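**Q** We have chain H already, so just place chain P on it with the hints.
Number of protein chains: 2
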Amino acid sequence: MAATFALYRYSMLQNDLLLQAARGEQVKRPPVWLMRQAGRILPEYRAIRDRLKDFKELVTTPHLAAEVTLQPVELLGVDAAIIFSDILVIPEAMGLPYEMVEKRGPWLATPIRSEQDLQKIHLANVDSDLAYVAEAIRLAKRELRQRVPLIGFAGAPFTIFAYMTEGSGSKTFSKAKQVLYQQPALAHQLLQMITASTIAYLKMQIAAGVDIVQIFDSWAGILSPTQYRVFSLPYLAQICDAITEVPLILFAKGAFFALEDFAQLPCQVIGLDWTIDPQTARRQTHYAKTLQGNLDPCALYADFDTIRKETRQMIAAFGPQRYIANLGHGVYPDTPPDHVRCFIDTVKNWA
Amino acid sequence: MAATFALYRYSMLQNDLLLQAARGEQVKRPPVWLMRQAGRILPEYRAIRDRLKDFKELVTTPHLAAEVTLQPVELLGVDAAIIFSDILVIPEAMGLPYEMVEKRGPWLATPIRSEQDLQKIHLANVDSDLAYVAEAIRLAKRELRQRVPLIGFAGAPFTIFAYMTEGSGSKTFSKAKQVLYQQPALAHQLLQMITASTIAYLKMQIAAGVDIVQIFDSWAGILSPTQYRVFSLPYLAQICDAITEVPLILFAKGAFFALEDFAQLPCQVIGLDWTIDPQTARRQTHYAKTLQGNLDPCALYADFDTIRKETRQMIAAFGPQRYIANLGHGVYPDTPPDHVRCFIDTVKNWA
Chain H
73 MAATFALYRY SMLQNDLLLQ AARGEQVKRP PVWLMRQAGR ILPEYRAIRD
123 RLKDFKELVT TPHLAAEVTL QPVELLGVDA AIIFSDILVI PEAMGLPYEM
173 VEKRGPWLAT PIRSEQDLQK IHLANVDSDL AYVAEAIRLA KRELRQRVPL
223 IGFAGAPFTI FAYMTEGSGS KTFSKAKQVL YQQPALAHQL LQMITASTIA
273 YLKMQIAAGV DIVQIFDSWA GILSPTQYRV FSLPYLAQIC DAITEVPLIL
323 FAKGAFFALE DFAQLPCQVI GLDWTIDPQT ARRQTHYAKT LQGNLDPCAL
373 YADFDTIRKE TRQMIAAFGP QRYIANLGHG VYPDTPPDHV RCFIDTVKNW
423 A
Chain P
73 MAATFALYRY SMLQNDLLLQ AARGEQVKRP PVWLMRQAGR ILPEYRAIRD
123 RLKDFKELVT TPHLAAEVTL QPVELLGVDA AIIFSDILVI PEAMGLPYEM
173 VEKRGPWLAT PIRSEQDLQK IHLANVDSDL AYVAEAIRLA KRELRQRVPL
223 IGFAGAPFTI FAYMTEGSGS KTFSKAKQVL YQQPALAHQL LQMITASTIA
273 YLKMQIAAGV DIVQIFDSWA GILSPTQYRV FSLPYLAQIC DAITEVPLIL
323 FAKGAFFALE DFAQLPCQVI GLDWTIDPQT ARRQTHYAKT LQGNLDPCAL
373 YADFDTIRKE TRQMIAAFGP QRYIANLGHG VYPDTPPDHV RCFIDTVKNW
423 A
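Residue numbers (the numbering used here), protein chains in the order written: chain H, 73 to 423; chain P, 73 to 423.
One or more of the hints may lead you astray.
Across the chosen pairs, the derived CB separations fall in these ranges [stated by the list, open to error]: (1) P/E97 with H/E97: 52 to 60 Å; (2) P/V173 with H/E116: 52 to 60 Å; (3) H/F376 with P/G149: 54 to 62 Å; (4) P/G149 with H/R118: 51 to 59 Å.
Chain H is faced by these chain P residues, among others (derived, beta-carbon under 7 Å) [to be verified]: (5) F127; (6) S242; (7) S246; (8) K249; (9) Y253; (10) Q254; (11) S296; (12) P297; (13) W346; (14) D368; (15) C370; (16) A374; (17) F376; (18) Y404.
Read the hints as simulated data drawn from the structure, not as lab findings.
A quick note: this is a predicted structure, and the numbers were derived from the prediction, not measured.
Glycine is no exception: its CB is placed at the ideal position from the N, C-alpha and C atoms.
So that you can see chain H by itself, here it is in the shape it has in the complex (with noise of 0.2 Å):
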């Protein structure tokens, strides 16, 4: 049934490209759209996040994360739109709030470092504590009309937890690995917990109306590769597992010494940072998942022509089939929008 769902509503999109290269189906180019699109390189964005008294605001108000969503589509012409919101609504989900702090990023007062902590907080109740992004996705999707798949996400749960036993981001999480060596099965209960509510969380982002989703392990490249299999890995494993109603994109960050696993588990893209080769990744997938990817966000601070043969160099390397067009990494905020268009464009025009 969930499968005949999915072809129903999939075969409506007008441009179903991103869906398309994702299922390993032959394309006609490559999709392209670019994580954090949705943001501050867009004056329009930030014309409606001024005007609001923080960050939070905007995440909460789905009118207004629907409009935000919307914004790249519409301006810059992307194969897909990514619902507005942030990884960080989990811990509060579970009842751990954070705060997005100016220019120091993400701040949760009580993090989680013992058994006592860990009574204080709960599985997510998505469908009451997190029906906001729900409505913003319905939203989207209504708004969006049927013009490009719509993208749900999550974070691993490796990295929600990093940041829940952290308290805030950090250069090393040196806090959060001491957790992991100190307290290895504390480190295992909460990341279950975290797991458990992120896999509800998609499931209710699935109903409520996206097409595809992509969960972002930002802080995978702090964890030695044996850590990594210990307490990423079989987390991410159980959400692939879980998620069969539409594709999945796994995105780990600094994870090269990863991809031999990945391959292995039951999703159907994986993202790539800049400092991996496409030709290795490729072999290091067995040339078995679509991969996306991975232009160093860096390069769209180059001129144009820099940008557009970077572009092409890269699509020759990766090929253009089982394959998305994306930065390696959120586009940063000063980046002009004219850059970001030529490189959307260069993607656009290949043939």
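**A** Relative to chain H, chain P alone:
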């Protein structure tokens, strides 16, 4: 002549395990030292540091720099001392002073972003402007009384470039990378000036008495493999070619993609961060180099049994020959000294 002199000097050391391992000679056990071993992990260091105005006073006062250089030899029992200093003394000697801002890291007030900025700096006159480092080395060498070798060091040209153009530390170094993409010719000019200054600086350190040098390419991991080959490797090669008097250790954090390139450089030792699998590193460096590293610094938060187990697994994975035990990054300031000693003693008890 240089080789004879070096041989004479080495032969006087009571413990020259580090140099034996670096030269690829058979050792009775692997040598061990820690990046940032002279620093905040030791209360004895903090006692000296707290008496001073700032970090730079310690760096520029030879008898104090020498004193903290010796502390880990006496208090922890490591197989080598590393001269206490900072990689940013090179930009300063080139005319771009730095400050070390408490809890925020390095700050360079007038970063290099244009040809005009480049006119304001010059090649380092190491003999006059970095005489305090030579003096600290002479004092440390004398006080070491040939117990263990003394390591000299410098930043890799790209890493120094990153600070000189960004003006501070950064998660993305996007301003530094902007220079690479927008003004590659300017970047190469600056990199060449840094390289020439660094070679002169290392030669001065060797003349003052260091037995081996390490190059820190701390920000290697922010570059794509292609950019690394253009903007870092050629300058590392110049340094490796120029330093023939003593062995050279190259530590490039995040440069997993460059190991095969490093294997081609005329350096003796390659340092590895904790994301690199030991056997993969052996294979990618064609079993032709001594390897150094690479325990996750956070592993030292674990209990003694875990530290022993992880350390022994690491040595077994690298093999005890052509190997220098170390962490995969500088030791974190909040690591208990007893845990550091447990790591060191486990290596020393290897048999």
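**Q** Decide, hint by hint, whether the structure agrees.
**A** Right, here's what the structure says about each hint:
no.: 1; hint: P/E97 with H/E97: 52 to 60 Å; in the structure: holds, 58 Å
no.: 2; hint: P/V173 with H/E116: 52 to 60 Å; in the structure: violated, 36 Å
no.: 3; hint: H/F376 with P/G149: 54 to 62 Å; in the structure: holds, 59 Å
no.: 4; hint: P/G149 with H/R118: 51 to 59 Å; in the structure: holds, 56 Å
no.: 5; hint: F127; in the structure: violated, 18 Å
no.: 6; hint: S242; in the structure: violated, 10 Å
no.: 7; hint: S246; in the structure: holds, 5 Å
no.: 8; hint: K249; in the structure: holds, 4 Å
no.: 9; hint: Y253; in the structure: holds, 4 Å
no.: 10; hint: Q254; in the structure: holds, 6 Å
no.: 11; hint: S296; in the structure: holds, 5 Å
no.: 12; hint: P297; in the structure: holds, 5 Å
no.: 13; hint: W346; in the structure: holds, 5 Å
no.: 14; hint: D368; in the structure: holds, 5 Å
no.: 15; hint: C370; in the structure: holds, 4 Å
no.: 16; hint: A374; in the structure: holds, 4 Å
no.: 17; hint: F376; in the structure: violated, 12 Å
no.: 18; hint: Y404; in the structure: holds, 5 Å
In the structure shown, a violation is registered for the earlier hints numbered 2, 5, 6 and 17, in ascending order.
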